[in-house]
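Below are the chains, spelled out letter by letter.
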Amino acid sequence: KAGVTQTPRYLIKTRGQQVTLSCSPISGHRSVSWYQQTPGQGLQFLFEYFSETQRNKGNFPGRFSGRQFSNSRSEMNVSTLELGDSALYLCASSSGQGRDTQYFGPGTRLTVL
Amino acid sequence: AQSVAQPEDQVNVAEGNPLTVKCTYSVSGNPYLFWYVQYPNRGLQFLLKYITGDNLVKGSYGFEAEFNKSQTSFHLKKPSALVSDSALYFCAVRPDYFKTIFGAGTRLFVKA
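Those protein sequences? They're chains A and B, same order as listed.
Under the numbering used here, read the first sequence as residues 14 to 126, first letter to last.
Under the numbering used here, read the second sequence as residues 130 to 241, first letter to last.
A portion of the hints provided could be inaccurate.
Said to hold, decoys possible - Some chain B residues close to chain A (C-beta under 10 angstroms, calculated; not the full set):
#1 Pro-160
#2 Tyr-161
#3 Phe-163
#4 Tyr-165
#5 Asn-170
#6 Lys-187
#7 Tyr-190
#8 Gly-191
#9 Phe-192
#10 Glu-193
#11 Lys-198
#12 Lys-206
#13 Ala-233
#14 Lys-240
Unchecked claim - Under the rule of at most 27 angstroms between Cα atoms (straight-line distance), these lysine-lysine pairs were calculated in the DSSO-like manner:
#15 B:Lys-240 - B:Lys-198
#16 B:Lys-240 - B:Lys-206
#17 B:Lys-151 - B:Lys-228
#18 B:Lys-151 - B:Lys-240
#19 A:Lys-70 - B:Lys-228
#20 B:Lys-178 - A:Lys-70
If you're looking for bench data, these hints aren't it; they were derived computationally from the structure.
Ideal placement from N, C-alpha and C gives every residue a C-beta, glycine not left out.
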């Protein structure tokens with residue numbers, strides 16, 4: 014079974030631009046969660062989507078948004094990029110049923126200049 | 130407030146020696162507990178989880194974890210460390226359907 018894939022793996026943007034990251038979950042999984050990982054803040058939860066609906070949301074500004082498609086693939090968008098948005102963005106896939114295990118993708122390394 | 134603590138930023142151990150990476154949690158109810166490992170520039174890899182039952186859980190790559198309800202701890206252990214075990218380890222708790230709380234991570238260095 015293929016694992017979680019994320020594209021692109023690396024991205025360089027400048028302040029003020031916007032960016033879209035993509036995540037394809039494990040086949041059959043309907044839940045996708047997004048996390049931001051930085052050296053100073055660790056892993057911070059952004060949001061979770063299940064069956065195309067945002068089910069949970071972390072404490073991030075509205076510049077961070079996401080969506081999920083009918084095939085469970087998910088995208089995350091960050092608008093008006095700031096230097097502090099530089100991070101590793103991880104997505105995690107799970108069945109979405111109960112407190113099941115989340116499986117992580119390799120991440121997208123975003124650098125904002 | 131619900132939280133997960135990994136009290137050691139870094140653990141150093143010699144190859145062949147046993148290792149322990151500590152985790153304590155503060156959540157209500159009966160949470161599900163997880164350990165993940167992260168290698169440089171990679172995502173988190175699932176190692177093991179505790180749901181209920183035997184307090185000693187065995188996972189991938191020879192790792193195991195001991196659940197202690199009274200101490201609200203879930204320490205990760207391995208009888209004999211390998212240099213290749215050097216990585217960043219995260220403890221996580223799922224108190225309910227919708228939330229996963231991660232610890233800050235512990236960096237493990239295994240010296241040859």
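Hint-by-hint comparison with the structure:
Interface restraint check for Pro-160 of chain B: the shortest CB-CB distance to chain A comes to about 8 angstroms, inside 10 angstroms, so the restraint holds. Taken as an interface hint, Tyr-161 of chain B checks out: its beta carbon lies about 4 angstroms from the nearest beta carbon of chain A, inside 10 angstroms. With 10 angstroms as the threshold, the beta carbon of Phe-163 of chain B comes within range of chain A, its nearest partner Cβ sitting at about 7 angstroms, so the hint holds. Because the closest C-beta pair between Tyr-165 of chain B and chain A is about 7 angstroms apart, less than 10 angstroms, the hint holds.
Of the supplied interface hints, the one on Asn-170 of chain B holds, with its beta-carbon coming within about 7 angstroms of a beta-carbon of chain A, less than 10 angstroms. For Lys-187 of chain B, the interface hint is violated, since its Cβ never comes within 10 angstroms of a Cβ in chain A; the closest pair sits about 15 angstroms apart. Look at Tyr-190 of chain B: its Cβ only gets to about 16 angstroms from chain A, farther than 10 angstroms, so that hint breaks. Of the supplied interface hints, the one on Gly-191 of chain B is violated, with its beta-carbon coming no nearer than about 19 angstroms to a beta-carbon of chain A, more than 10 angstroms.
A hinted interface residue such as Phe-192 of chain B counts as satisfied when its beta carbon comes closer than 10 angstroms to some beta carbon of chain A; here the least separation is about 15 angstroms, so the hint is violated. With a least beta-carbon distance of about 17 angstroms to chain A, the hint placing Glu-193 of chain B at the interface is violated under the 10 angstroms criterion. For Lys-198 of chain B, the suggested interface contact is broken, since its CB lies about 17 angstroms from the closest CB of chain A, more than 10 angstroms. About 20 angstroms separates the beta-carbon of Lys-206 of chain B from the nearest beta-carbon of chain A, more than 10 angstroms, and the hint is not met.
For Ala-233 of chain B, the interface hint holds, since its Cβ comes within 10 angstroms of a Cβ in chain A; the closest pair sits about 5 angstroms apart. Hint on Lys-240 of chain B is violated. Least Cβ distance to chain A is approximately 23 angstroms, over the 10 angstroms limit. In summary, the hint linking Lys-240 of chain B to Lys-198 of chain B is not supported, as the alpha carbons are separated by about 32 angstroms, beyond the 27 angstroms threshold. A C-alpha spacing of about 17 angstroms is found between Lys-240 of chain B and Lys-206 of chain B, which places the hinted pair at or below 27 angstroms, so the restraint holds.
At most 27 angstroms may separate the alpha-carbon atoms for a hinted pair to count; Lys-151 of chain B and Lys-228 of chain B meet this at roughly 21 angstroms. Distance check on the hinted pair: Lys-151 of chain B and Lys-240 of chain B sit about 19 angstroms apart at the alpha-carbon level, within 27 angstroms; holds. Straight-line distance between C-alpha atoms of Lys-70 of chain A and Lys-228 of chain B comes to about 9 angstroms, which keeps the hinted pair within the 27 angstroms bound. Between the alpha carbons of Lys-178 of chain B and Lys-70 of chain A the distance comes to roughly 24 angstroms, so the proposed pair stays at or under 27 angstroms and holds.
Violation of the numbered hints given earlier is confined to hints 6, 7, 8, 9, 10, 11, 12, 14 and 15; the remaining hints are satisfied by the structure.
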